[in-house]
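With chain A fixed as given, assemble chain B onto it according to the hints.
There are 2 protein chains.
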Amino acid sequence: MAHQISLTELRELIKAGKNQTILSFISANHPVEVAELILQLSPEEAWHVLKQTDPHLSAEIFSHFDREYQIDMVDVLTRNEAAKLISEMPPDDRASLFKRMPEEKKEIVLPALARAEREDVRRLTSYAEETAGAVMTSDYATLSPIMTISQAIEHLREVAPDTETIYYAYVLGAHRKLNGFVSLKDLILARRDARVEQIMHGDVISARVDDDQEDVARRIQKYDLLALPVINKNGALVGIITHDDAIDIITQEHTEDMEKFMAISGSHADAMYMKTPVWEQFKNRFPWVIALAVLGLVSGFIVQRFEGLLVQFTILAAFMPMLADTGGNTGSQSATLVVRALALKEISPKDILRILAKEFQVAVMLAFLLGAIAFVRVMFFGDGTSIPDSFSLLRIGFAISIALGLQVITATLIGAILPLGAARMKWDPAIVASPALTTIVDITGLIIYFMTVKLLLDI
Amino acid sequence: MAHQISLTELRELIKAGKNQTILSFISANHPVEVAELILQLSPEEAWHVLKQTDPHLSAEIFSHFDREYQIDMVDVLTRNEAAKLISEMPPDDRASLFKRMPEEKKEIVLPALARAEREDVRRLTSYAEETAGAVMTSDYATLSPIMTISQAIEHLREVAPDTETIYYAYVLGAHRKLNGFVSLKDLILARRDARVEQIMHGDVISARVDDDQEDVARRIQKYDLLALPVINKNGALVGIITHDDAIDIITQEHTEDMEKFMAISGSHADAMYMKTPVWEQFKNRFPWVIALAVLGLVSGFIVQRFEGLLVQFTILAAFMPMLADTGGNTGSQSATLVVRALALKEISPKDILRILAKEFQVAVMLAFLLGAIAFVRVMFFGDGTSIPDSFSLLRIGFAISIALGLQVITATLIGAILPLGAARMKWDPAIVASPALTTIVDITGLIIYFMTVKLLLDI
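Residue numbers (this note's numbering), protein chains in the order written: chain A, 9 to 467; chain B, 9 to 467.
Chain A extracted, bound-state conformation (with noise of 0.2 Å):
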């Protein structure tokens, strides 16, 4: 599975037009290996070594490119050369491509394909992002129900060549309504002379074109299927998403969750560290570093309008990073377990309450030992500090603890009412996650720390 040639060997092989060597290394790699090689030469160079295989074989390497190499390659290409090469490909890949190309090059090549792929690309781009008719593929294979075993398994011979999976096959009625499935297993077992509709599933798991990619992805997941049916509002068969699609599909999400909690937009579905230059990284990253600070601009507010206690009891500053780090840090963690759990549809708004409950009697464990923790802190290494002479250290020990405290649990609880509320409003609860939040409760926390200290030491 190695590699049998370098990047170096490989770029003296196309220059010396060693054709017959290039087919041999293409023919002895896994198409995965030979496109993660061609991926580092030039588009010229690729289409040199893909040009070399047949059209079916060059079209799964290049399926397996990302889509900016992909769009590269089409340039270096004529109109039918081009039209050729995305002919072969999964119509799912295919449409994806074509939704990622720039419109005058899509003008150029999409006339260049035949009726029936023109159709199905039209057709397959037409869905809304991120549902499961803009992930679903065309090639799968139909069944009729009045088929026998035997008919029904040497048809499936005859499409297996052109078709994503031939595992699952679905059973048609009139006008395409989904009526059963069967497997390729429940075929072989069956016996030869029994009709498709004996041995079919009537009870098929599917999905609708505008569900969800994910909840599609954790469909398959949970059922352990190999492919998901998708149909449209009559009921009728459009399309197929298969296990791999599901794997890519939970990954994104995952990437994508990651992202918001981190603070990073922009779309990276097929994004590159290394290969994002500076600019792009900073194009994704400033907007929400730049929201943030303008937001945390106003706890700068809030710290001046308490400037005079500030002057007065200097050790309340040397809290005021321990008061932000724990309500960021409580307060995240109750976040993340509810957007987790609400990605798992395990909880929904509905159970604010409940969940709000657990998440207070937490948090005033938490609020002990941290409050204890800064009164231990006060009482130890408080004694440099100037304090009034009319105010006792434990006197302000205990203030400061309460005012942790009471910090630990409203972030806890803001943790927790902020990704429900998003949820409540149908927006992404992720979004509202870590550093947003950590902003939000710095400043909850300020206004907090301050009154509960004023109050306590009657100032």
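Hints are computed from structural coordinates only; laboratory data are not their basis. Please note that the accuracy of each hint is not assured.
Simulated crosslink set (EDC-like; lysine to aspartate or glutamate; CA at most 20 Å straight-line) [unchecked claim]:
(1) B:K230 / A:D101
(2) A:K230 / B:D232
(3) A:K353 / A:E138
(4) A:K59 / A:D80
(5) A:K434 / A:E222
(6) B:K193 / A:E166
(7) B:K193 / A:D170
(8) A:K230 / B:D74
(9) B:K113 / B:E76
(10) B:K230 / A:D232
(11) A:K230 / B:E76
(12) B:K353 / A:E264
(13) A:K353 / B:D74
(14) A:K193 / B:D147
(15) A:K230 / B:E261
(16) A:K353 / B:E41
(17) B:K230 / A:D74
(18) B:K92 / B:E52
(19) B:K366 / A:E288
(20) B:K353 / A:D256
Cβ-Cβ distance ranges computed for the label pairs, FRET-style [as the list claims (entries may be wrong)]:
(21) B:K462 / A:V40: 53 to 61 Å
(22) A:I298 / B:L402: 21 to 29 Å
(23) B:E44 / A:R216: 17 to 25 Å
(24) B:E20 / A:G181: 34 to 42 Å
(25) A:N27 / B:P153: 30 to 38 Å
(26) B:D80 / A:F399: 53 to 61 Å
(27) A:R75 / B:K434: 33 to 41 Å
(28) B:R130 / A:S152: 48 to 56 Å
Glycine is no exception: its CB is placed at the ideal position from the N, C-alpha and C atoms.
Coordinates of chain B only, in the frame set by chain A:
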């Protein structure tokens, strides 16, 4: 697909002993859905339901329960009932159950299993957690290279009922050495009198028993496989890992990454938010929060060290929250990107210089922007604060902006260095992300802040 029966109705059926109705409910629904409903019953009630079906189906439904409920249920069974149920489970689920079973219960159930199954459990539970060996199953189909295609298909028909998948079959030589594999599609398409060795793929993508489970799942994802064979150090086939296990492994790793990012410890493979008691939640959450709070005390000491400066310039306190938040946000961004690129094996610790060069450039751009915001903030809203007459607001604004800019640059670089360092030490890079990082850049940030301001204001 909807439950055709409510929990209350099912309870009534159990109480009334209407076993025929229970059986028809089970047959009419998908095992996953039956399992979901039964999970809400008591283990005794659940067993009453399962008892109505054939052993194969009841074991399948039982396999869909979470491990804790499985253990609770084994408690209410006689030794023979338990052995019968467990022996019908898929081998990987069975091994996973035994791994989580208390020692004393294991010693009761294990001897009641048939010898072959007992040894299978012993073997599958002997591999280290999170390795390929620990997640593989032993129900796979094998063929001999000299079988004809007809014989091979006939053999797969025979083993189909007890095999996880017959869509991939592995071709074994002497000593179970993995020589190749064929898909059922290959077999269906081949001439009936050809030999398996003539059509098999010799260059099999496989895993070693001690490979990391995530690497293995990613391999299944990369090559779009239905299953991946696992071999021991002699090249003998010992198990397979299927596509549905790959999705579950990837989901589990996502969850663990997310939790590390958000400072929640504990293994949550089966944990559910609502089911986890408050006390458990507390135990999972407090160690991180406390550790970080203790670490955060260091920033308190730094602030105390510069108390004099704060008394003189209270405006400095107003920018402390923005300093901390901005450092945390920019540091988390670079850490997230580096952690992900490391996870995808796109970069390695060796690339540290190129990564730092890139992060440095992005950081400088961010530093200018954020410094400018801070400067504007000081100039426009700094009027109210008391500053010593010998210092102009302009000079203070300049000093604060420079300090903030330096904080952004250091935090970004620290955010990149920490995960790279962790990866170098073979630790999990995700562990140093977000909350730990935030606390560290708070500390470095305060030192930079006070030192810079002291230097630039010449005090």
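Report task. With respect to the beta-carbon atoms only, verify the hint that N27 (chain A) and P153 (chain B) lie 30 to 38 Å apart. Result -> 33 Å, holds
Query raised in the report: Hey, K92 (chain B) versus E52 (chain B), does the alpha-carbon distance stay inside 20 Å?
Result: 17 Å, holds
Query raised in the report: Going straight from one Cα to the other, do K434 (chain A) and E222 (chain A) come out at no more than 20 Å?
Result: 15 Å, holds
Query - Cβ distance range 33 to 41 Å for R75 (chain A) and K434 (chain B), holds or violated - result: 34 Å, holds
Query - Pair hint K230 (chain A) and D232 (chain B), alpha-carbon separation not exceeding 20 Å - result: At roughly 19 Å apart (the allowed maximum being 20 Å), D232 (chain B) and K230 (chain A) satisfy the hint.
Query raised in the report: Would the pair K113 (chain B) and E76 (chain B) pass a check requiring their Cα atoms to be no farther apart than 20 Å?
Result: Between K113 (chain B) and E76 (chain B) the Cα gap is close to 13 Å, so the pair holds against 20 Å.
Requested in this report: With a cut-off of 20 Å on the C-alpha distance, tell me whether K230 (chain B) and D232 (chain A) pass.
Outcome: Holds: K230 (chain B) and D232 (chain A) sit about 19 Å apart, inside 20 Å.
**Report entry** Restraint status (C-alpha distance of K353 (chain A) to E138 (chain A) at most 20 Å)
**Finding:** Distance of about 18 Å is within 20 Å: holds.
**Report entry** S152 (chain A) and R130 (chain B) - C-beta distance against the hinted 48 to 56 Å
**Finding:** 49 Å, holds
Report task. Measure nothing beyond the straight line between the CA atoms of K230 (chain B) and D101 (chain A); if it is 20 Å or shorter, mark the hint as holding. Result -> Between K230 (chain B) and D101 (chain A) the Cα gap is close to 15 Å, so the pair holds against 20 Å.
Query raised in the report: Within a Cα-Cα threshold of 20 Å, do K353 (chain B) and D256 (chain A) meet the stated pairing?
Result: 17 Å, holds
Query raised in the report: Can the restraint linking K230 (chain B) and D74 (chain A) be considered satisfied, given a maximum Cα separation of 20 Å?
Result: 13 Å, holds
The structure is consistent with each of the numbered hints, conforming to all of them.
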